[in-house]
Amino acid sequence: MTTVEQLERDVWPEPHPDDTFLVRRCTELRRKPLAEFTVEDLRIMLGQEIGVPALLPLAVQVLLREPLAEGEYYPGNLLRNVLRLPGSAWSNLRAERERLVLVLAKLVATPPFSDPDLRPRDPYREIRDAILRFLGR
Numbered sequence: 782m783t784t785v786e787q788l789e790r791d792v793w794p795e796p797h798p799d800d801t802f803l804v805r806r807c808t809e810l811r812r813k814p815l816a817e818f819t820v821e822d823l824r825i826m827l828g829q830e831i832g833v834p835a836l837l838p839l840a841v842q843v844l845l846r847e848p849l850a851e852g853e854y855y856p857g858n859l860l861r862n863v864l865r866l867p868g869s870a871w872s873n874l875r876a877e878r879e880r881l882v883l884v885l886a887k888l889v890a891t892p893p894f895s896d897p898d899l900r901p902r903d904p905y906r907e908i909r910d911a912i913l914r915f916l917g918r
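Straight run, no breaks: the sequence shown in my numbering ends on number 918.
Read the hints as simulated data drawn from the structure, not as lab findings. Please note that a few of the clues may not be correct.
[To be verified] Ranges between beta-carbon positions, derived for each pair: (1) Q787 <-> L874: 16 to 24 Å; (2) E830 <-> V792: 17 to 25 Å; (3) L866 <-> K887: 30 to 38 Å; (4) N873 <-> P814: 16 to 24 Å; (5) D910 <-> L883: 14 to 22 Å; (6) P856 <-> V804: 23 to 31 Å; (7) D910 <-> D799: 33 to 41 Å; (8) D896 <-> T808: 17 to 25 Å; (9) D791 <-> N873: 16 to 24 Å; (10) D791 <-> D910: 29 to 37 Å.
All C-beta atoms, glycine included, are put in the ideal place defined by N, C-alpha and C.
Modelling step: build the complete structure from the supplied sequences, incorporating the hints.
Quick look at the structure:
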C-alpha cells in the first residue's frame with residue numbers, strides 16, 4: 782500500500798518527544814497507506830500542505846460527493862483547507878478543479894451560503910468567501 786512517504790521518497794525521522802502533537806501526527810500520516818486516509822487525515826495534511834500532489838485528488842473525490850465533509854471540528858473543514866491551497870496545487874488537476882467548481886457554484890447559491898446577512902465570524906461566511914475566491918468572484 783502506497784504512502785506519502787513512499788511517493789515523495791523522503792523518509793522523515795522519528796519525531797522528538799518534545800515535538801507538538803501536530804508534528805507527531807503529520808509524521809505518522811506520511812506513513813499511513815493512502816487508501817486508509819479519513820477526512821480528518823486529509824484535513825490535517827492538506828492544512829499543513831504536506832503530500833498535496835497525492836492527497837488533493839483524494840480530497841476532491843470526497844468533496845465532490847460531500848462538499849461539507851467534516852473531520853473532527855465542523856462541517857466544511859476539509860473544504861476550507863483545500864480552498865486555502867495555492868493555485869499551483871491544481872496545475873495537474875484541471876479537470877478535477879472544474880468538477881469541483883461546478884459543485885461549489887451550486888453550494889454557494891443555497892442557504893445558508895446564499896444569505897447576504899451572514900455575520901463576519903459565521904463559519905459559513907468564511908467558507909462562502911473562500912468558495913467565491915476559488916470561483917473567481
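To see whether the hints hold, each was checked on the structure:
no., hint, result
1, Q787 <-> L874: 16 to 24 Å, "20 Å, holds"
2, E830 <-> V792: 17 to 25 Å, "19 Å, holds"
3, L866 <-> K887: 30 to 38 Å, "21 Å, violated"
4, N873 <-> P814: 16 to 24 Å, "22 Å, holds"
5, D910 <-> L883: 14 to 22 Å, "19 Å, holds"
6, P856 <-> V804: 23 to 31 Å, "27 Å, holds"
7, D910 <-> D799: 33 to 41 Å, "37 Å, holds"
8, D896 <-> T808: 17 to 25 Å, "41 Å, violated"
9, D791 <-> N873: 16 to 24 Å, "19 Å, holds"
10, D791 <-> D910: 29 to 37 Å, "34 Å, holds"
The earlier numbered hints that this structure contradicts are 3, 8.
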